[in-house]
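*Asks:* In order, the protein sequence lines correspond to chains A and B. Heads up, the final residue of the first sequence is numbered 903 in the working numbering, and it's a clean run with no missing numbers. Heads up, the final residue of the second sequence is numbered 903 in the working numbering, and it's a clean run with no missing numbers.
No lab work stands behind these hints, which were simulated from the structure alone. There's no promise every hint is true.
Treat identical chains as interchangeable: a pair holds within one or across any two.
Calculated pairs, DSS-like style, for lysine-lysine (alpha carbon to alpha carbon, straight line, at most 30 Å) [claimed, not checked]:
#	residue 1	residue 2
1	124	670
2	670	510
3	539	339
4	539	659
5	339	670
6	659	339
7	124	339
There are 2 protein chains.
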Amino acid sequence: MSPLEIEAPAGDVSTPVDPADAVIGKSVTRLEDRALVRGEGCFAADVNFPRQLHMRIVRSQVPHGRVLAVDAEAARRMPGVIAVWSGQDVADIPPIPFRATKVQGLEPYCQPILAQSHVRYAGEPVAAVFATDPYIAEDAAALVEMRIETLPPLMDARDEPQEFLPGLSTEPTVIRKGYGDVESAFSAAWAQVDLALSVGRHSGVPLECRGAVARYDASRDVLEMHGAAKKSHWNRDEMAKMLGRSPASVHLYEGHVGGGFGVRGELYPEDVLVCLAALRLRRPVKWIEDRRENLLATNHSREQYHYISAAIDSDGRILGIRNRFYHSQGGYVRTHGPRVADMSAGLLLGPYRVPAYEVAGHYRLTNKTPAATYRAPGRYETTFVRERLMDAIAQKAGIDPITVRRRNLIDKTEMPYERPLDALGVDVLLDSGDYAGLLDKTLARVGWDGVRADLARRRAAGECVGMGLAMFVEKSGLGPSDVVRLTVDRSGCVELVTGAGSVGQGMETALAQICAHELGVDYQTIRVVKGRTDQIEFGNGAHASRVTVMSGSATQIAARKVRAKALDVASKLLGVAPDALHVRHGVVRPRGDPDAAGVTLAQVASYLHPSQKTSEGHAPGLSAEGWFYSEHMNYPYGIHVAQVRLDEGTGIVHIEKYLVSYDVGRAVNPKMIEGQIVGGLAQGLGGALYEQFNYDAAGQPLSTTFADYLMVTAHEMPPVDVMITEDAPSPLNPLGLKGAGEGGTNAAGAAIAAAVDDALGMPGAIDRLPVLPEDVLRHLSTRTSPQPDPHASDTGGMPDSAKGP
Amino acid sequence: MSPLEIEAPAGDVSTPVDPADAVIGKSVTRLEDRALVRGEGCFAADVNFPRQLHMRIVRSQVPHGRVLAVDAEAARRMPGVIAVWSGQDVADIPPIPFRATKVQGLEPYCQPILAQSHVRYAGEPVAAVFATDPYIAEDAAALVEMRIETLPPLMDARDEPQEFLPGLSTEPTVIRKGYGDVESAFSAAWAQVDLALSVGRHSGVPLECRGAVARYDASRDVLEMHGAAKKSHWNRDEMAKMLGRSPASVHLYEGHVGGGFGVRGELYPEDVLVCLAALRLRRPVKWIEDRRENLLATNHSREQYHYISAAIDSDGRILGIRNRFYHSQGGYVRTHGPRVADMSAGLLLGPYRVPAYEVAGHYRLTNKTPAATYRAPGRYETTFVRERLMDAIAQKAGIDPITVRRRNLIDKTEMPYERPLDALGVDVLLDSGDYAGLLDKTLARVGWDGVRADLARRRAAGECVGMGLAMFVEKSGLGPSDVVRLTVDRSGCVELVTGAGSVGQGMETALAQICAHELGVDYQTIRVVKGRTDQIEFGNGAHASRVTVMSGSATQIAARKVRAKALDVASKLLGVAPDALHVRHGVVRPRGDPDAAGVTLAQVASYLHPSQKTSEGHAPGLSAEGWFYSEHMNYPYGIHVAQVRLDEGTGIVHIEKYLVSYDVGRAVNPKMIEGQIVGGLAQGLGGALYEQFNYDAAGQPLSTTFADYLMVTAHEMPPVDVMITEDAPSPLNPLGLKGAGEGGTNAAGAAIAAAVDDALGMPGAIDRLPVLPEDVLRHLSTRTSPQPDPHASDTGGMPDSAKGP
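Pulled out of the complex, with its shape left as it was, chain A reads as follows (with noise of 0.2 Å):
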């Protein structure tokens, strides 16, 4: 049996609504923007509550260390503190559980929510301050004297296995994996190409940094935390526990979030105090992060160390390959557990026939900030290292990198394919794709021959530009199930609740779409109400590329149990077989018969209203609970173009022109799509070329102000040209659905390596990320002359149309 059998979905996979009708794949406005454009948001620092207090985090400043004493008194004594609390304070409630591990042994390395014994990083929580004024904490919190045996910090993850704290190694766990017969592959091979890579530590940096404002209403016993983000419910649920409460007593609130990417919406230490402070303290309690405590605190992310090896044939085909990496964790495991680590090792092999793999994730605790998934996490790290593979594969083989990608790349009819491994607990079976295609499209777009030509020329006439391409396989739609709610109200508004969450990337007009287009509906009279905990029993928040495909089939589910409902009611109304019937506009109405009596949705809703004894027969209430269900993720794809021209002074990268091509097998909003790859790729590149924690040999962090941390501005944005394509709609469920956020950032650093090098004129010169100026100015001080052109076909240069909006 195909695998695709098992997951074939429920449903009518075609659609009822009039061509003129659609909804889905129209790039209508934002429904978030309403809000937003007239200063309407409401961010975590926009919530206040009468009598709340603020709390303010004290952190250590040494990086590893054995904590002696926390003298609080001359804080106490401060007008207007409140309470101070260190960790003896918290010590009965337990640390940051896991949500996404089942590796044994792990718990050890867990956060408690302020320091016991040890601290592991600087920057970590060692007291808490609470007072009636966020000045008032801020001055009370440099009281607090911490008495902290230093202990010699351990920065390197490459470093041999040591003991991290008493009975606890540096590293609790290797991710394995693999399939295959690697050893022969190797011994037969014609060629093996061995790589030494490293992707430096950066991670996502909301323009709004974190904040939580708790409150306990006595009068209810209701805790509830405002604020929150990405995972509400499932912190909601690990929140009662810690707190001993149910979590039918506790309730969290997504405001507007000012940014995602993975980073917020954690459960976090401060997120744990500001509720065990509104409990105990009986007032409610307010923290909002610094920029400084951002760059420290929050997640960081990516930090690997590949060593990866190639065994090729004389074609450049792929018979086998081997990695070992070394993932930097930080001080403690987070929330992830080692699910980076692990989805670098599951996805490394991106869109490529790799007949034996083998790969060890040593899974490495260091003192700095722990680190945990960042858009497109383990993908961004593991396709730099994938495709800079491929062109030392070309390289050794005397190809060109486009034919030795073709040559191994899984063809479409090799779909559904499936990759004898896992990742995200679940097998990878890569569902749909042209992966041939989508790169004949791209090399077209960019009239790929021109543009080398033109490089070429310029080259000759002695600048230093370059253009890379890096090819990848991205993943979305994790399942198990998602569920949303429908009501039409009497008015005629229809509310769509959902447990998923809204961190900017526009999923409430992309369900209100989909919803709009299945019910007949304007999509701007749809409610979306999402990231209450107390709207809906179940949610998954806002993660892992799954809304627009796990929200959005479970949106179509109830939205199509809703119009069925409709049609019911509605043809015994008007007297009109329901299958003759159908919704336009809020309006039900015989097909094809625009001027006949019809009944509207509010009419309907009132018809079923339980005050009415006329609805015998229905259920009450013109609303639908739609549940989908998915063993397996799906697997959009695309490919990244990057051209480059170095400056010879300075060594700064400029990024001339670049193209990303994305199947998102069915585009529900183009405009949204473009706008989450190109903002997506911002990170990408901050991550190529600018943003990295930096550390010094003590363990001090370097990169705490946006002066040191780099973010990519409008400055450093290159014209970006996006290319959308439908070729490959998932079969795994009905409206054929991908995700699409993190499509723009994958492949960022790999095609800027690649371009860097062509610049460069020197094939593999680039073995880490970010490449820094210095690095650059170092490469182009020890170039000899210019290296033949590898892609020795091309022809002409990047025309003018493709560019970005």
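Put chain B on the given structure of chain A with help from the hints.
*Replies:* Then chain B, alone, in the frame of chain A:
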């Protein structure tokens, strides 16, 4: 077909609960009291938001007049004043609609949120001031100048119909009901008894005045109003309509409610004003009613003038009744329309067999505060009228009052007894009752004959003492439907979500008891979520003594569904047939084997969590919705017995002893019912002896402080004996429930009147309520000689054991 065949409830009347585990019927402590006794209650005044404004209403000092101008300039200039609105500023907002009338033509009598062309009662809102501080708002309100042309006040509902306002009569409708041949009954009668009776204007005066805090959250386009009560869902829907919003975008929240009694929680102008202001001014707006406003502006009630005649035979049996009454509505028709007059007409006949009946209820506008429902609306008034009539019949026929009642009572063998009348829009079908049986039990409890003999001795010794008895039928459980949603979370906590309201009556405890009883859990682990319109789509609030009957029955249904699902899952997990399992203390185990392995409901909920792949075959979640439908009300019944002593010097009526006997079908929590009855009696006695809204001839209200409006205090409350019986369970719901909220109030006026008559020795002397000291003195002064005791057979005194709690 018997009417009850139509009504036979679905479902199993027997309970599967082990008697040792029964929770229904136990006087467990109230869930509500945990917060209240700790001072953690949250009433409307406790709700505050940053930046909130305070509203102060400028009220008409003229009872009837034409508005010439409202000059708010001086008020607007006051620092801290943000806005002042008069009628023209809100002319676009429609007046407050009806929720309880289908009478046509009443719309012009609806109240606008601020007076438009005319004012119709002293206290009517004319302008609203919004300021940053409540004291500024009040001071500014004093600066608003109203120029009003006064018109003659129309104060007496008995005056001939006339023009109330241009084009509007003082009599918009007459309620007419009846059946049988009244004409023949009267012409064939042995005698006719005629009475003219009146009930004073009084009302529910909660400890907590009204209050409302509205907030518009532009970030979600949600309007919230805190301080809701009684009919939150209906008010939400209607306010949404008035403000041009969808119901889904308006949320009402009920906190603790310091007394409902029918008056709190109707839709009032002030509720709409705070919401409108929150929308327009974009700041939270708070309004807290002061006591003077409460006595001027919150619904009045009761004031009626009855002219009733009975045709009787020589045995004192009623052949027919004819009644004409005048209902003094006040200046506007509020949400109820003429519902109180309708119930007065439809429910007057009480427990008696009346072959022919004719009633005309003249619904009259007057220049007084608008009136509506107050605890036992239409029944308090008509029980007074009917029981006065029964005493007069006894007098006329020379039969003692107990015997005359016995002869006319509907017998239990006649149940269900269909009266060809309707009330609250449904047919009057007395579902069950043993009125004579309750009379026997009551007389035995009182030691009737002994008490009367004792009173005769005391009268002979010169004391003015007497006793009176009044019988009544209440009504409860208004349909048509109700819903409860139950969810067990992974901690085992049961959440019960209801659209019913909690106004102090103990509904949270009652519903939790029913749920605990059916589900096999501790009632204290149940979280009752109520009065929050965003938590459940439909709700009926708290009115008409319907919550325990309707929401309680829905709770039973939901609990049985949840239990069935839990047993089904546990059966799989334990390998035991569902029939052999039961739930005790939250654990599913084989019946009769307390040592056998079991699974907790928490474990079942975890198994059913959608993140688990084990729950195949079950819908996710351990939850269920229960809907209960009912087309008829049901009818509890009871008797009041009062023993009084008159102070001949002051005319004060001292209540020496009081008994309320009441059959509720099934008592969920006897202690709570006792509390309801004693509290209700306090209000009944207030209307019988003390409370009255007085007006002078110019229409000026005289009862606007507690020095003038005399509430019953602990000093006035007599010892009360409460006898709760369960002799006539309702066949209309599986648990046999009837409502308990209004029986303590219903017959208080009637019983006091009879007792004062008896003490005066002047049958029929008391023809109006309240019975004031000056009335007593007047009667005492006109008394000639002691009358013969109408209760000729009496021989003893009320024993000391007949004391209340």
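*Asks:* Each hint: holds or not?
*Replies:* Cross-check of the supplied hints:
no. : hint      : result
1   : 124 - 670 : neither (34 Å within a copy, 48 Å between copies)
2   : 670 - 510 : neither (49 Å within a copy, 44 Å between copies)
3   : 539 - 339 : neither (52 Å within a copy, 54 Å between copies)
4   : 539 - 659 : neither (39 Å within a copy, 57 Å between copies)
5   : 339 - 670 : between (50 Å within a copy, 27 Å between copies)
6   : 659 - 339 : between (36 Å within a copy, 27 Å between copies)
7   : 124 - 339 : neither (44 Å within a copy, 32 Å between copies)
Violated hints, in rising order: 1, 2, 3, 4 and 7; the structure is consistent with all others.
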